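K.L.:
Listed here are the chains, written in short residue letters.
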Amino acid sequence: MTTAFAAAARVVDPELRVVTIADLGVLREVEEEADGTVRVTITPTYSGCPAMDAIRADIARSLTAAGYPDVEVRTVLSPAWTTDWITDEGRAKLAAAGTAPPPPRSLPLLQRTPVCPRCGSPEVEEISRFGSTACKSLWRCRGCAEPFDHVKVL
Amino acid sequence: MTTVDELLALGDDALIAAQRLAEWTTRAPELEEDVALANIALDLLGQARMLLSYAADLERAGLEGAGRDEDALAYLRGEREFRNAQLTELPRGDFADALVRMLFFAAYQRELYAELAAGPDERLAAIAGKASKEVAYHVDHAIMWTLRLGDGTDESHRRAQAAVDRLWPYTFELFEDRPHLREAWLAAVEPVLAEATLDRPEDGRFRPTGGRKGVHTEHMGYLLAEMQSLHRAHPGASW
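Just so you know, the sequences run in chain order A and B.
For the first sequence, the residue numbers in the UniProt record's numbering are 1 to 154.
For the second sequence, the residue numbers in the UniProt record's numbering are 1 to 239.
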């Protein structure tokens with residue numbers, strides 16, 4: 001039988017569909033109460049993230065399918081989500097799908113530029129600080145000329 | 001303890017600023033900017049939701065459950081019940097207006113949220129801590145454009161200076177409740193204007209005020225009519 005944690009962890013992010021909410025660090029905690037209720041705690045990436053409602057519904061659906069019909073999803077804001085919580089596996093999945101993962105916040109500002117997820121070139125330029133979703137910016141590779149998304153440091 | 005009115009002031013600032021910015025959707029001068037302005041509006045809308053939900057919970061606690069929810073606060077209040085500063089409700093204007101207003105407003109929000117994030121109200125501190133990180137990107141974006149427009153062509157400079165002159169008097173209202181924040185705000189804004197070759201206006205006697213008491217400019221009613229029309233025409237609709 002799937003554990004409650006595994007059932008919540010496998011929920012795919014509705015906007016970055018190659019990673020799960022566990023990969024992203026959006027899933028904070030899964031607790032099973034004595035009466036069978038499962039309490040899931042999640043945190044939004046950005047305040048206005050429109051994916052949160054879909055994530056809540058997907059968690060309930062996934063847990064119900066795994067035999068946990070009583071689900072309570074709680075949203076916490078603190079500590080505030082940071083891109084440092086994206087797991088190594090999550091970063092690898094993003095890069096493989098053509099989205100440059102965020103560099104660690106510990107790096108100095110000038111070294112926080114991504115490398116091209118397609119050809120690996122460090123010769124890249126920012127086209128726009130704001131991309132197709134709140135968490136991404138838009139870049140272009142000067143090596144292979146491809147534009148690409150980059151999950152920006154938060 | 002934070003009061004309902006204080007939370008409405010914070011939430012309404014974010015909500016009305018989001019509504020004005022959203023007017024740029026499909027109308028920005030370039031596609032990337034369209035996406036950027038929509039994203040920034042979305043950040044502000046998210047902040048407004050969190051703040052108005054808190055205001056609603058507080059109101060309901062005070063009225064033993066009889067208060068309004070966040071949607072009722074956003075969509076069913078009349079003009080005189082809104083607590084936003086007048087800067088946020090002024091008409092969309094041209095692109096320079098939008099970006100200079102973003103500079104003034106985001107630089108204020110940055111100081112405000114930094115203070116609230118370290119404050120005693122835990123729920124408010126969590127919202128402010130989250131919003132701080134987003135607002136840092138807004139300030140950054142506004143600075144980039146203020147420099148480009150101010151130190152750009154004669155036409156962009158003229159329009160940016162006109163926006164600065166027009167909006168400056170409205171910035172005083174932002175600091176009425178927290179006058180101590182203005183010094184840090186000036187320290188952030190003045191060097192940007194200087195580098196953008198824009199003149200910092202004199203602090204004149206014309207300092208419009210009243211938003212925090214529900215007194216608004218003539219533009220507010222039109223904004224609300226558009227923002228609230230769907231909800232009022234179809235109460236409780238969902239999809």
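Treat the hints with caution; some may be incorrect.
Claimed, not checked - Partial list, derived from the structure: chain B residues whose beta carbon lies under 10 Å from chain A:
no. : residue
1   : A18
2   : P29
3   : E32
4   : N39
5   : L42
6   : L90
7   : R92
8   : A125
9   : E134
10  : H141
To be clear, the hints were calculated from the coordinates, so they are not data collected in a lab.
None of these values were measured; they are calculated from a predicted model.
Even glycine gets a Cβ: it sits at the ideal position worked out from N, Cα and C.
K.L.:
Against this structure, judge whether each hint is valid.
P.N.:
Evaluation of the provided hints:
1. A18: holds, 8 Å
2. P29: Status violated, d = 13 Å.
3. E32: Because about 4 Å separates E32/B from the closest Cβ in chain A, which is inside the 10 Å limit, the hint holds.
4. N39: holds, 4 Å
5. L42: holds, 4 Å
6. L90: violated, 22 Å
7. R92: violated, 19 Å
8. A125: Interface hint status for A125/B: holds (7 Å vs cutoff 10 Å).
9. E134: holds, 6 Å
10. H141: holds, 6 Å
Hints 2, 6, 7 from the earlier list are contradicted by this structure; the remaining hints agree with it.
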